[in-house]
Amino acid sequence: YPAEICEKWGADLLRVWVASQDYTADTSLSVAMMTQLSEAYRKIRNTLRFALSNLNDFDPNRDALADEKLWEMDRFMLHRAAELVKQCRGWYDNFEYHRVFHAIHDFCVVDLSSFYFDVLKDRLYTSAPQSAGRRSAQTAVYRIASALVRLIAPVLVFTAEEIWKFFPKHAGDPESIHMAIFPAPEELDAPLYATKIELWNRLMSI
Numbered sequence: 363y364p365a366e367i368c369e370k371w372g373a374d375l376l377r378v379w380v381a382s383q384d385y386t387a388d389t390s391l392s393v394a395m396m397t398q399l400s401e402a403y404r405k406i407r408n409t410l411r412f413a414l415s416n417l418n419d420f421d422p423n424r425d426a427l428a429d430e431k432l433w434e435m436d437r438f439m440l441h442r443a444a445e446l447v448k449q450c451r452g453w454y455d456n457f458e459y460h461r462v463f464h465a466i467h468d469f470c471v472v473d474l475s476s477f478y479f480d481v482l483k484d485r486l487y488t489s490a491p492q493s494a495g496r497r498s499a500q501t502a503v504y505r506i507a508s509a510l511v512r513l514i515a516p517v518l519v520f521t522a523e524e525i526w527k528f529f530p531k532h533a534g535d536p537e538s539i540h541m542a543i544f545p546a547p548e549e550l551d552a553p554l555y556a557t558k559i560e561l562w563n564r565l566m567s568i
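Counted from 1, the sequence shown has number 403 at position 41 by this note's numbering; the numbering is strictly sequential.
Calculated from the structure, these hints are not laboratory results.
Every value quoted in this text rests on a predicted model; they were computed, and no experiment measured them.
No false leads were mixed into what you were given.
Cross-link-like lysine-lysine pairs, in silico, DSS-like; alpha carbons within 25 Å at most:
hint	residue 1	residue 2
1	LYS483	LYS558
2	LYS370	LYS405
3	LYS558	LYS448
4	LYS405	LYS527
5	LYS483	LYS431
6	LYS531	LYS448
7	LYS558	LYS431
8	LYS531	LYS431
9	LYS483	LYS531
10	LYS405	LYS531
11	LYS405	LYS483
12	LYS448	LYS405
Given only the sequences and the hints, what does the whole structure look like? Please build it.
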C-alpha cells in the first residue's frame, strides 16, 4: 500500500500523511484523506512557489535591507514567522510532528496567501525594482520562505530540495537543504514595539 501511495501521490505525500497524524491516538488512511492532504501539500508548495517567483532578481548578499529599513508590515510578518519557528522547534523536540505540519499549513494559507502575499502584490509587481518598498517586501519574503523551507524539509524531502536548488543563497549556504541548519527565531524577528504588534494582531483577528 505505501508503494501504491508513492506511485499515485508521490513519496512526499506519504511523509505528509505520517507527519500529519497524531500517533498517540488511532490513525486512519483513505483515498479521501490522501486527496485532502494532497490539497494541503499544494497550498504549502504554491505559497513557497509564489515566494520563489518574486525573488528572481533578489540577491540576499546585496539587496537585503537592514531591520530598521523594513516597512512596519514586513517587520510584523517576520515577527509572526519567528513565533512559528519557535513553536515548531519545540514541537520537533517533543516529536509532535502533526503540530508542525498543521501550523506551517495554516501559516501558509492564512497569514501568507490570504493576507500578506495578497497585500504585497502591489509592491512586488508595480514598484520600481530597486525601490525601498519592493526590497523591503523581498527581504521579508526571503527570510520567511527560507525559514519555512528549512522547517518543512524533514517532511517534504524532495519538494524542499527542489525549492532549495533555485532559492537565493547567502554566501556559505550548503548545496543541499538537508545540510542546512533549522531556522532560529532570532533570524526572523525584527524590532517592533509591542503596541504595534498588538494592533496588527487585532487587525489579523478582524
